[in-house]
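Asker: Chains H and V supply the protein sequences, listed in that same order. Taking our numbering as reference, the numbering of the first sequence is continuous, increasing by one, and the terminal residue is 188. Taking our numbering as reference, the numbering of the second sequence is continuous, increasing by one, and the terminal residue is 242.
Read the hints as simulated data drawn from the structure, not as lab findings. Yeah, the Cβ is synthetic: ideal placement off N, Cα and C, and Gly gets one too. Treat the hints with care, as some may be off.
Below, simulated DSS-like cross-link-like pairs (lysine-lysine); rule was C-alpha separation at most 27 Å, straight line [said to hold, decoys possible]:
#, chain 1, residue 1, chain 2, residue 2
1, H, 27, H, 123
2, V, 226, H, 172
3, V, 234, H, 138
4, H, 7, H, 118
5, H, 7, V, 234
6, H, 115, V, 204
A short list of chain V residues far from chain H (calculated; beta carbon distances all over 10 Å) [to be verified]:
#, residue
7, 191
8, 192
9, 193
10, 207
11, 232
12, 234
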Amino acid sequence: MEFIDKKTIKLDKIPTLLDEFVVDFTKMLQKHAKYVIVSGYVSILFGRSRATEDIDIIVEKISKNKFYDFYSDLQKNGYWCVNIENRDETLRMLLDGFAVRFAKKQNIIPNVEFKFAKNSVEKNAIRTGLDVIMPTGKIRISNIELQIAYKEKVLKSDKDLEDARHLETVFKDRINNKLLEKYREMFE
Amino acid sequence: MNIWFDKIKNRKERIKFVELWAEYVRTHSDIEWSKQQKIVVDSQLKSLITPNKK
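All chains, full assembly: derive it from the sequences and hints.
Answerer: Here's what the structure looks like:
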């Protein structure tokens with residue numbers, strides 16, 4: 001992997017099925033809203049040797065019409081909402097602060113756990129994200145320091161601590177330690 | 189007591205492996221590590237996939 005600049009990483013990996021799923025989904029999403037991928041998939045993208053059943057995506061709140069356009073794009077491209085059938089109900093759930101899940105039709109796994117940003121940490125994650133350019137397409141992920149601190153201090157399961165350690169090791173020459181400490185204190 | 193001790197020992201070993209693999213990822217080309225990762229991720233994902241019975 002190569003840092004093209006402070007906000008862009010070039011990753012020449014052989015894509016996994018998860019990578020292909022994420023690129024396919026975000027190609028649609030990026031036409032309609034700003035987003036950032038967070039949590040487990042970020043570690044998996046950079047080599048963690050495990051899979052996941054869901055990809056967590058935080059999306060900037062969008063208007064009803066924009067959401068309808070996105071929803072229609074999803075359907076045209078063979079996706080369905082796993083936990084809610086109706087378009088308006090899906091939007092209402094999102095506006096109420098809940099997550100909804102999208103998967104390829106006939107499947108439940110893998111799915112995207114999709115929610116609107118609702119607090120300053122989530123809005124900050126969208127604002128300070130990184131672009132990752134792969135041979136199959138470009139995606140946007142949370143900055144690495146935020147991911148490490150959140151997994152260490154908030155999520156804290158064995159799996160999350162391993163994810164954090166993985167990222168910290170892979171990016172040890174690139175991590176902004178001051179920023180990482182700031183996030184760690186914030187989540188303490 | 190022994191079970192607890194084994195759990196800690198396993199945890200330490202697990203973290204050591206995570207660091208070893210991450211170091212490999214850091215020091216090898218994307219192609220080299222990702223062809224190995226793909227085998228693990230794709231097979232785990234395939235075993236998880238459940239067709240929609242609806």
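Asker: Which numbered hints turn out to be false for this structure?
Answerer: Result: hints 5, 6, 10, 11 and 12 break, sorted rising.
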